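Protein chains in written order, with the numbering used here: chain A, 1 to 378; chain B, 1 to 344.
Check before you lean on any hint, since a few could be wrong.
[What the hints assert, rightly or not] Chain B is faced by these chain A residues, among others (derived, beta-carbon under 10 Å):
| hint | residue |
| --- | --- |
| 1 | G27 |
| 2 | I65 |
| 3 | S67 |
| 4 | M218 |
| 5 | V250 |
| 6 | H272 |
| 7 | V276 |
| 8 | A278 |
| 9 | D297 |
| 10 | Y309 |
| 11 | G312 |
| 12 | G321 |
[Unchecked claim] In silico DSSO-like links for lysine-lysine, alpha-carbon gap of 30 Å or less:
| hint | chain 1 | residue 1 | chain 2 | residue 2 |
| --- | --- | --- | --- | --- |
| 13 | B | K255 | A | K251 |
| 14 | B | K260 | A | K327 |
| 15 | B | K128 | B | K156 |
| 16 | A | K251 | A | K178 |
| 17 | A | K327 | B | K12 |
[Claimed, not checked] Residues from chain A that keep clear of chain B, each with C-beta distances beyond 12 Å, as calculated:
| hint | residue |
| --- | --- |
| 18 | L72 |
| 19 | L158 |
| 20 | D254 |
| 21 | S341 |
Honestly, the hints are just simulated from the structure, not real lab data.
Everything numeric in this text was worked out from a predicted model, so none of it was measured.
Don't be surprised by glycine CBs; every beta carbon is placed ideally from N, CA and C.
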Amino acid sequence: MTENVVEIRDLRVNFSTYEGIMKVLDGVNLSIKKGEMLGLVGETGCGKTMTGRAIMRILPSNAQIMSGGKILFEGSVDLLNLSEEEMRKIRGKKISLIFQEPRRALHPTFNVGGQIAEIFYLHMKEDVLKTALQNLAESENSTSLLSNIMRNIYTEELEGKESSIKRILGKIPILRTKINEPVEKVLDEKSIDMLEKVQIPDPKRVSDQYPHELSGGMMQRVLISMALACNPTLLIADEPTTAVDVTTQVKLLDLIKDLKKDYGASILLITHNLAVVAETCDRVSVMYAGTIVEQADTYSVFKEPLHPYTQGLLAAIPIIGQTRELKSIPGSVPNFLNPPSGCRFHPRCGYAIEKCIEEKPLFREVRDEHYVACHVVE
Amino acid sequence: MPENLLEVFNVKKYFPITGGLTRKVIGEIKAVDGVSFSVKRGETFGLVGETGCGKTTLGRTILRLLEPTSGEAYINLSKDSSTISDFQDYEKINIFQIKRGALKRLRRHMQIVYQDPFSSLNPRMLVKDIVAEPMKVNKMAKGQELQERVIDLLEKVGLMREHLFRFPHEFSGGQRQRICIARAIALNPTFLLLDEPTSALDVSVQAQILKLLNDLQNELDLTYMLITHDLSIIDHMADRLAVMYLGKIVEIAEKDELFKSPLHPYTQALLSAVPIPDPDRQSLKEAIYLRGEVPSPVNPPEGCRFHPRCQEFSQECEKKLQEEPPLIEVSEGHFVACFKVLDT
Numbered sequence: 001m002t003e004n005v006v007e008i009r010d011l012r013v014n015f016s017t018y019e020g021i022m023k024v025l026d027g028v029n030l031s032i033k034k035g036e037m038l039g040l041v042g043e044t045g046c047g048k049t050m051t052g053r054a055i056m057r058i059l060p061s062n063a064q065i066m067s068g069g070k071i072l073f074e075g076s077v078d079l080l081n082l083s084e085e086e087m088r089k090i091r092g093k094k095i096s097l098i099f100q101e102p103r104r105a106l107h108p109t110f111n112v113g114g115q116i117a118e119i120f121y122l123h124m125k126e127d128v129l130k131t132a133l134q135n136l137a138e139s140e141n142s143t144s145l146l147s148n149i150m151r152n153i154y155t156e157e158l159e160g161k162e163s164s165i166k167r168i169l170g171k172i173p174i175l176r177t178k179i180n181e182p183v184e185k186v187l188d189e190k191s192i193d194m195l196e197k198v199q200i201p202d203p204k205r206v207s208d209q210y211p212h213e214l215s216g217g218m219m220q221r222v223l224i225s226m227a228l229a230c231n232p233t234l235l236i237a238d239e240p241t242t243a244v245d246v247t248t249q250v251k252l253l254d255l256i257k258d259l260k261k262d263y264g265a266s267i268l269l270i271t272h273n274l275a276v277v278a279e280t281c282d283r284v285s286v287m288y289a290g291t292i293v294e295q296a297d298t299y300s301v302f303k304e305p306l307h308p309y310t311q312g313l314l315a316a317i318p319i320i321g322q323t324r325e326l327k328s329i330p331g332s333v334p335n336f337l338n339p340p341s342g343c344r345f346h347p348r349c350g351y352a353i354e355k356c357i358e359e360k361p362l363f364r365e366v367r368d369e370h371y372v373a374c375h376v377v378e
Numbered sequence: 001m002p003e004n005l006l007e008v009f010n011v012k013k014y015f016p017i018t019g020g021l022t023r024k025v026i027g028e029i030k031a032v033d034g035v036s037f038s039v040k041r042g043e044t045f046g047l048v049g050e051t052g053c054g055k056t057t058l059g060r061t062i063l064r065l066l067e068p069t070s071g072e073a074y075i076n077l078s079k080d081s082s083t084i085s086d087f088q089d090y091e092k093i094n095i096f097q098i099k100r101g102a103l104k105r106l107r108r109h110m111q112i113v114y115q116d117p118f119s120s121l122n123p124r125m126l127v128k129d130i131v132a133e134p135m136k137v138n139k140m141a142k143g144q145e146l147q148e149r150v151i152d153l154l155e156k157v158g159l160m161r162e163h164l165f166r167f168p169h170e171f172s173g174g175q176r177q178r179i180c181i182a183r184a185i186a187l188n189p190t191f192l193l194l195d196e197p198t199s200a201l202d203v204s205v206q207a208q209i210l211k212l213l214n215d216l217q218n219e220l221d222l223t224y225m226l227i228t229h230d231l232s233i234i235d236h237m238a239d240r241l242a243v244m245y246l247g248k249i250v251e252i253a254e255k256d257e258l259f260k261s262p263l264h265p266y267t268q269a270l271l272s273a274v275p276i277p278d279p280d281r282q283s284l285k286e287a288i289y290l291r292g293e294v295p296s297p298v299n300p301p302e303g304c305r306f307h308p309r310c311q312e313f314s315q316e317c318e319k320k321l322q323e324e325p326p327l328i329e330v331s332e333g334h335f336v337a338c339f340k341v342l343d344t
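Chain B on its own, in the form it takes in the complex (with noise of 0.2 Å):
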């Protein structure tokens, strides 16, 4: 059994503009470009950057809900895992390739809690209807069982029976991003994407919805991952992480390691921006600023896709303006994409 659940080797996934009378493609939008990573087993991966960066076009790539351009995806999953006949014989499976009634059946290891818990829950639908639906898609149980299998996520997650025939609207933003929790972890899953799940929630809220997810971790064995643009969310959750810049990953270390010593001048800039709710350590007096404004994924920069902004662009860097900066292990576990630092 690999150690990691899930492998990515440099997706890509381009937005068509298209233009003009006959609809004619024009431009792309280089929204991933070229990404690898892998997300070990039982682990929380963090995947940060700003907005725009093409975190969640990512995450959306992997499970498939997003078609890629290119690339491959594997994941890894046990064979007691998998319930289904399918996916007895092989252990990995390959996320793109695979055909619709098998990506259908994988769907069930793989689930999305969304950002927004008021546009992700049909409005029209009782509660629980809502839990009950992965379910029944998947005819995992029906009648008394269901019923009991619903209220029994409900508690999971801290909701009570009397939640059952409500609709969405009479709960406030945490109790509905609990549903979404529930239904996400209604199949059992092994793999569970959480795209910014609590931005949209206040900060007592949020640490009661982060305490849940941790609890359900290590009660359900669930492989997270995290998307955030919150790095103090990213450093309570996360085990390791990935910082994503324009549609490329710039770093990946285990989260102590990158937090401490951030060798990307992206994310030493990102990390020195975080404000500090401590008036004793006023962080912000040293953060780093960058220049300008994020490039357009349309016609993003050449070579080193950060060049134009970075502090420490120098004269060796501009002599590599035509290719552009491998992501290269320099330490046990910790990746960089950037020539100053792969020189060093």
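If we strip away everything but chain A, and leave its shape as in the complex, we get (with noise of 0.2 Å):
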């Protein structure tokens, strides 16, 4: 039995705007079960990036999540309702995030290496400070005054005090730097060994450039490697291949995979990049103006779309070896200030029926594990 390890039900995300409040985010229902690779398809502003962040609970300011909704977490942990402090201690370590651009995601004036370093000492402090400690019970002066000091710092850190002989030698530049020698080079081997698990030729001195000094492949493999740093439960990866080209985006796709074997993630694989679903996803999830119109197994929703709107989808991209005519969906996306009355999708479908422009079709079951939100699929 697979169980869910994210079930979003009924999620709601209002936007407060000059001109009003936008439905951003309307009715998304969404499980990714363990292990999967599930993969969120739609077009430009139809609320992908949107679901990604209110898992994270990283949305802009002026966003509201509406009562109602419920984001559950390995099956108990309800994330709307946890406190800023309890996410912070989630984002990064159980559910990590690869953001879209990685030239905007990394932050330019720190090397690569700092930045991985960063997150483990962030949430996996405890083994830092322990394999520190090992390391100078190890070492050939292990009985110097400094490395008796040092280790009274770290084991009084490790029990969660403030050490307050660091806080006064720490003062004196030279030996606040000799203090945090041991953890640093702790930090720097695990950040080289994370750099080198996403398949970076020459991970030493990769970890001491900066990012401009890296290509857009590197610098996503380096994003990769610092979501799977703490051994994430889920990884959110939004448009991870956008940016680059089909040949680095083969890479990246195999890197991805593979990994997800390595460390049994799940990964929500957010794209408007069809191809690049039917390629690698295990399901899909078919989103539109704010809602999942359709949610079945990769296979199912090639083959047999249900949806108009996925049928719409599917005719309208070309297929190398294929050659059809292609058929493009009337119309454009809709307004969030102003959407259309019960289906969202009633104004571009050719099959709408007087129920659609009234009612809002609920997301159900209609074969085995293929839900689909439409009044006319039956």
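Each of the two chains sits in its own frame; use the hints to bring them together as a complex.
Shown next as structure tokens:
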């Protein structure tokens, strides 16, 4: 029995803007099973990224999560009820996010290694200190005065206390560097190890480099390594390959797949590229204007799409080696300020009936494990 | 009347890198480094390549929006298509040599649709002025006639009369790209350069724009040069295509031929890396991995530029590192620049 790592039930998010209230997410239902890769596809502005951000609880400040919705994490914890403090412990540790644009997600004035080390220091401080203590005990001059002092400091920090010796000695620059040296060394090793795992050539050199010295593909690898640093249960990858070329994309997708196997994490892959989803994901959720319209395994969605929007989307993409006329979906994506009544897709839908205008369709299981939100589908 | 509309020989475009107090030139970015090809009348010629390979620079150089470093480019305009007296006498126009006045008249025949419809439209101009501007500049129409022509153009690209008095920000991406297309075809051009016309758009809108471009090509007898990084669009639109890598064309062929039997190792790797939206095919399983990263165009590798990443690099290739592989026709209309292919 595979349980759901994340289950989103009826998530609604409103944005207050100068022009009025925008209902950006309007009842999102989504479940991610353990160890699977779920693709979340949809067009620009349909709310894919906001869904990912809602799980991480890093929505923009003008966003408001409406009551009634739930984001259940690992079956029991409702992420929406957690305090900011508790959330901070989950972010980056249990749920991590690979941002859309690597160039903007990395800090330009810190070296790569340092940025990865920060995560370890934040979430796995105990491990780091323990390793540092062990290293101290094993080193040649383990009986020297300095290492004794350091051992004292670390043990105190391990117990969660602020070390008074460190506070005093830390004021002297040379000593401060000396005291931190063992910890830094452990962090360095850990981050180089992480870079090696994402197959970066010469990780030692790269960890000393700054983001602007790296190519887009390399930066994305660094971000992946940061996301996986704490062995998360859920990895949200928000358009991880949109900014890179196809030859790099292949390598990144393979890397993500391999890491999924090694780490056993569930992955939510947010993308607008249907081809990428078809190649990599186990299941697919299709999103339109703030709602999930269809969710099923990849094969069913691509071969027997039920929702008219999914059908339209699939007919609109050119496929290599298939000469066919592209059918576009008439009209354009609706405005969130004043969305269509009932089913949000009805003005563009060829099958729309009266009921579609009046009533919002329920997200229901039509076939085995195949969910659709549409009145017309039997 | 020659079959080729556009002929390009050994075009180079280097951008200088300046440094120091005196702004001395200390290096060159070899964005386009010796490219030759021809575009047939009435076809869609695709140009594919990855980011930074010089495809946009090449396109702009051909239109002389950028001044070329060296090379030659000719456009063969038929006499009836050029209504300007200067061009009445000769058919073959040397794009890189003509003077400013003649260049302005030539622009009428060569238009461009830019990549990003959000930055290529003046936000302070009304749609009617945007579309009318090229006709005003070229004194093609004025007054009532101009107004009617603008409405006619808007309807041709699927917009309506009521859009005339709106500003670009009131439109969606797809509609903006339609305005750009209307502006580009306003002067009845012969040649249209499409520089990633749909890369900023969503798939459902992309299909609309591609269909519109196809319809316009049939209706107005246009010749397209389509620059893109998306091979599935090329497959859908182009008749022939060229693959570019680091400032050089590595392969030119008919579309079907190239997709079926790519010869250059880079083309093979590129094609194998394209994901296909069909769970049955799972094509990425056989994808060819390219080693390393694209080298810098400031200091491209010696000899064959692809050799440091080539999956078929052999000792024979190593012997020939002093010379660059020439682009040679290996079969009817199929050109390849690879020593390995030429040997066999």
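Hints and how they fare:
no. : hint             : result
1   : G27              : violated, 22 Å
2   : I65              : violated, 26 Å
3   : S67              : violated, 32 Å
4   : M218             : holds, 7 Å
5   : V250             : holds, 4 Å
6   : H272             : holds, 7 Å
7   : V276             : holds, 5 Å
8   : A278             : holds, 5 Å
9   : D297             : holds, 9 Å
10  : Y309             : holds, 9 Å
11  : G312             : holds, 7 Å
12  : G321             : holds, 7 Å
13  : B:K255 to A:K251 : holds, 26 Å
14  : B:K260 to A:K327 : holds, 25 Å
15  : B:K128 to B:K156 : holds, 14 Å
16  : A:K251 to A:K178 : violated, 41 Å
17  : A:K327 to B:K12  : violated, 40 Å
18  : L72              : holds, 29 Å
19  : L158             : holds, 42 Å
20  : D254             : violated, 8 Å
21  : S341             : holds, 21 Å
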